[in-house]
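Chemist: Each chain is listed here by its residues.
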Amino acid sequence: MSEPVDEEELTEEQAEELIDELDALETARLERQTGEGAQELTRGQRELVLTGGHWPEPESDETMIINMGPQHPSTHGVLRIMMELDGETLVRSKAVIGYLHTGMEKTAEELMYVQGSTNVTRMDYASPLSNELVFSLATERLLDIEVPDRAQWIRMLLVELNRISSHLLFQATNGMDLGAVSMMLFGWREREETLRLLEQITGLRMNHNFIRPGGVAADLPDGWQESVLHVCELVEAGIDDYDRLLTENPIFQERTVGVGTITTQQCLDLGITGPILRSTGFPWDLRKEQPYLKYPEVDFDVVYTENGDVYDRYRIRLFEIAESIRIVRQCVEKMPPGDYRVQDRKVTPPPRARINESMEALIHHFKLFTEGFRVPAGETYVAIESPRGEIGCYIVADGTAKPYRLHIRGPSFYNLQSMAPMVEGAMVADAVAIVSSIDPILGEVDR
Amino acid sequence: MNPGRLLAADPLFSNGIDLTVVLIVIGKTIAVFVLLLVLVLFYIWFLRKVIADMQNRVGPDNAGPFGVLQALADGIKLFFKEQTIPDSADRRMFLLAPYLSLLPAFLAFSIIPIGGVVTVAGHRTLVQLADPQIGILFLLMMSGIGIYGVMLAGWSSGSKYPLLGSVRASAQLLSYEAALGLAVAAVLIQAGTLSTRGIVARQLWVGSWSTFGDWPVWNWFLWPTVIAFFIFLIAAVAETNHPPFDLVEAEQELVGGFHTEYSGIRFAIFFLAEFMNLITMCAIAVTLFLGGPAGPALGFVSANGWINAWIMPIFWFLTKLVILLFGTVWVRASLPRLRYDQLMDLGWKYLIEAAFLFAMVSGVYVIARQENWPGWVYVAAPVGAVAVYAILYLCIPRRDELSEEIR
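Here the protein sequences come in this chain order: A and B. Just so you know, we're using numbering that gives the first Met the number 0 here: the first sequence kicks off at 0 and counts up by one. Just so you know, we're using numbering that gives the first Met the number 0 here: the second sequence kicks off at 0 and counts up by one.
Keep in mind the hints are simulated off the structure, nothing from the lab. Glycine is no exception: its CB is placed at the ideal position from the N, C-alpha and C atoms. A hint or two may mislead.
Pulled from the structure, derived: some chain B residues nowhere near chain A, Cβ distances all over 10 Å [claimed, not checked]:
| no. | residue |
| --- | --- |
| 1 | N14 |
| 2 | M53 |
| 3 | N55 |
| 4 | R56 |
| 5 | Y160 |
| 6 | S262 |
| 7 | A332 |
| 8 | N371 |
| 9 | Y377 |
| 10 | G383 |
Covered stretches of chain A (chain B as the covering partner; in silico rule of three or more C-beta atoms under 8 Å from a C-beta of chain B) [claimed, not checked]:
| no. | stretch |
| --- | --- |
| 11 | 68-82 |
| 12 | 120-132 |
| 13 | 158-171 |
| 14 | 191-199 |
Among the chain B residues that face chain A by a calculated CB cut under 8 Å, a handful are [as the list claims (entries may be wrong)]:
| no. | residue |
| --- | --- |
| 15 | K159 |
| 16 | S169 |
| 17 | W329 |
| 18 | M343 |
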C-alpha cells in the first residue's frame, strides 16, 4: 500500500489509483474469506479475522490447520470447528457457527402469538416441546392468565417425555461419536418408542405445536396411561442396556474419564447451564430453583457429579432419563380431571362442534385465526430447564397481536462456548467426544 | 537345497514339472483367489447380518435369499460408479495405491493350509497354494508391504484427513507388527519350523497327514501359547484396522481416513483388501493356534475316501475360521474406539512386553524339555517373567503422570 496521502492534495488520477488499490485489497480479503476458511488463520492475514477475536501467533510451522465441518459426520449438524493440530494434538480451536441460521427470531416478529409456537418449536428440534412451553409461558405471563391444572400436568408430562427422547438421542450420538455403533442403534430404538408415544398424544413426532398459549392443543387420547407406562418400562429396560454396554466398559472409560474437564467457575463465567454445569458439582436445575408448572408437587432429584468430564456428562444424562421417568409416572398417577386449556375465547379457539351451531363461536374462531389476540404492551423473560440447560424466552410486546421482539436464550449456543476451554490440549478424537458431550443442537445455536 | 524347495515344499513337484503340474498350480491359484473373494463376500454379509441381529435390526435382506448377495450387489454398483480424482492428488500414486494394498492381501493368503493332501489327476498335492519354508515370515513381509497401499493412498490424496489417516496407519502398523511378530515367535519356538504346513503337522498327534481320526484339540498350540494367542488376535485386529482399532478410517474423526477421496471401484478395492487382510489374519490364527484344517474325520465313510480327504479338512478349517470371524464381529458390535495415544500405549507398554516375555518363557520350556533341565526351571521361568512384567508395569509412567510433567 502506498503512503497515506492527505485527501485534499489528491489529484484525480491519484484518487482513482487509491480507489483501485483499495478495491483490490477488498477483493483479496473477500476471496480469502469466502475461500478455504482455514486461510483466515494463517500468519500475515490474521488482521482480517472478523469473528471471535484474534488467535495468538502460531508457535511453529509444524502445525496443520484443519476444518472439521460443516460437513463432517460428527459435528451434530453443521457446526464447523477450526483446529490447529500439532500431530494429533489440538493446539487451539474455534467453533464457527451460522451455517443453519434461518432467522427464526426475526420471523417471530411477523407471526402472531397464535402462530408463534409453530415457529419456536423448530429451533431446538430435539426437544421442541421445551421451546413451545417457554414461549407459551412467556405469552401467558404477558396476558396474565392462569392455565388450568390439567393443562399444566399435561405440559409437564410432555416436556419430561421430550427430555427422555432428547437424552436418548444424546446417548445414541455420543455412543456413535466414540465408535460404539451399537449404542447408537439402542438409543434410537428407545427414542423411537418415545417419539411414537408423543405422536400418539400430539399427532406429530417432532415440531408438535401442541403446547400453545392458553394450554395445550388437545386433551390426552384414550388409553394414554397404558401407553405412557409401557414406554416407561421400555426406556427403563433400555437404560439398563446402556449401563451394561458402556458405563463400566474400560475402553469407554479410557475415552471419557478426565477428558474435556471444566470447572464450575468457568461454567458460570460462560453462562453454561444444564448437564454440563451439573457435571461440575453445581446442582443447578431450574425445575427446583425457579419452579414452574407443577414441579414442586412431584418428587424427583437433581442429578449432579463432581468431575465435569465427558464421562460425568454421559452419566448425568443417563440418570436424568431415570428421573424423568419418575416424574412421568407421577404425572400418570396425579393427572387431575378438568380442562386442558383456558376457556377464554380470546386466547383459545372454541370447540369445533360449537362453530356449526353458534355464531359467536364462529366469530371467535375466525377472529382468533385471522387477527390473533392482542397482548398488552410490556416485556418479560421466562426461563425453564430444557434437556440442554436454561432455555429462556424474552418477549417485548407492543400491544398488537405480534411480538415486537422475540429472543430465545438457546442453551446450546451458550454451552457451545465451553468447547474452546475443554478441548485445549486434547486430541482429535477427544474433540469429537467433547463436542458430542456438549450435545449442541445447531438449529438452536443459530436460530 | 534347491531353490524350488525353498519356495514350495509340495509333493506335487517331487516328480518333476510337466504340463499337468502347471495346470494344477494355475487351477489352485484361481481356486484360492475365488475362495478368498467368496469368503470376503460371505464375511461382509455375515458381519452385517450378525451385527444387525445384535442391534435389533434386520440387516440386508433384499438381494438374494437372506440378502447374501448384498455385498456382490454393492460391488457391482461400485464398479459402475464414477471415479473421481482430486486435483490436488498425486495421480500416479493415487491410482496405484488400491492395488498396492490388494496384492499383498491376496499373496498373504496363499500360504494358508486350507485342507490336507489330495490326489488330483494322479498327482498328490497340498490343498494350499504355496508352502514356502519361510512360511510365516512371508506373512509378516506381506502385511508390511500392505501398509504401503494405505500410506500412499492417504499421502497421495493431497487432502488433510487422508493424511492424518495414513500417518495413523503407519504408526499403528509399526507398533503392532512387533507384538504380532513376538506372539508368532512363541508358536514358532514350540513348532520349530516356519512352514505353515509344518506348524499344522506339529499340532497333530502323529506327524502324518493321513490321520484325521484323532481328536487333536489338546495338541493345539493354543494351550501352551494361550497368552500369545490373545496377543496375536489383538495385534491382528489392530494391524488390519478393524474396530475397536479402526482409527485409520475412524468415520467420526477423520470422515473416511485414508480412503476419504476414493470412490467407485478403487474404494471397493480398499475394502476388499481390508477384509481380505482380516480373513488372512484369522486364517493364520487358525493355522498357528487351532490346528489349521485338522479335525476328526467321519468314521462311517472310508478314511481315505474323497469326503475325508477333501471335504472334512476344509470343513474344519472354515468352521474354525468362521468362529474367529464371529469374534471380530462381536468385538465390533460391542466396543467403542480407542484413542490414538491409548492405542500406542496398549501396543508399546503392554502387548510388546507381554509377547516378548512370553516368547522367552516359551523358549525356556522347549529347551528345558530337550536338555532335561531340572523341574524348578518350569516354575522359575514364568515367575521370573511375571516379576519382570510387574517391574516394567510399575516403572512405565502413566499417561496422566506424563502429561503432568509436560505441563
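Chemist: Is the hint on B:M343 kept, meaning its closest Cβ partner in chain A is under 8 Å away?
Modeler: Nearest chain A Cβ about 10 Å off; hint violated.
Chemist: Are all C-beta atoms of chain A more than 10 Å from that of B:G383?
Modeler: 28 Å, holds
Chemist: Is the nearest CB of chain A more than 10 Å from the CB of B:N14?
Modeler: It holds; B:N14 is separated from chain A by about 54 Å at its closest Cβ, greater than 10 Å.
Chemist: Can you confirm whether chain B covers the stretch 158-171 of chain A, using C-beta to C-beta distances below 8 Å and requiring at least three such residues?
Modeler: violated (count 0)
Chemist: Looking at B:M53 again, its CB stays over 10 Å from all of chain A?
Modeler: 6 Å, violated
Chemist: Holds or violated: is there a CB of chain A closer than 8 Å to the CB of B:W329?
Modeler: 10 Å, violated
Chemist: Against chain A, does B:N371 hold up as non-interface, every C-beta pair farther apart than 10 Å?
Modeler: Holds, since 44 Å exceeds 10 Å.
Chemist: Looking at B:Y160 again, its CB stays over 10 Å from all of chain A?
Modeler: 7 Å, violated
Chemist: Would you say the stretch 191-199 of chain A counts as covered by chain B, given the rule of at least 3 residues with C-beta under 8 Å?
Modeler: violated (count 0)
Chemist: According to a criterion of three or more residues whose C-beta lies within less than 8 Å of a C-beta of chain B, is the stretch 68-82 of chain A covered?
Modeler: Since 3 is at least three, the answer is holds.
Chemist: Taking the closest Cβ pair, is B:K159 under 8 Å from chain A?
Modeler: Holds, about 5 Å.
Chemist: Please settle this one: B:N55 was flagged as non-interface, so is its CB more than 10 Å from every CB on chain A?
Modeler: Violated: least Cβ distance 6 Å, not greater than 10 Å.
In this structure, the earlier hints numbered 2, 3, 4, 5, 7, 12, 13, 14, 16, 17 and 18 are contradicted, and the remaining ones agree with it.
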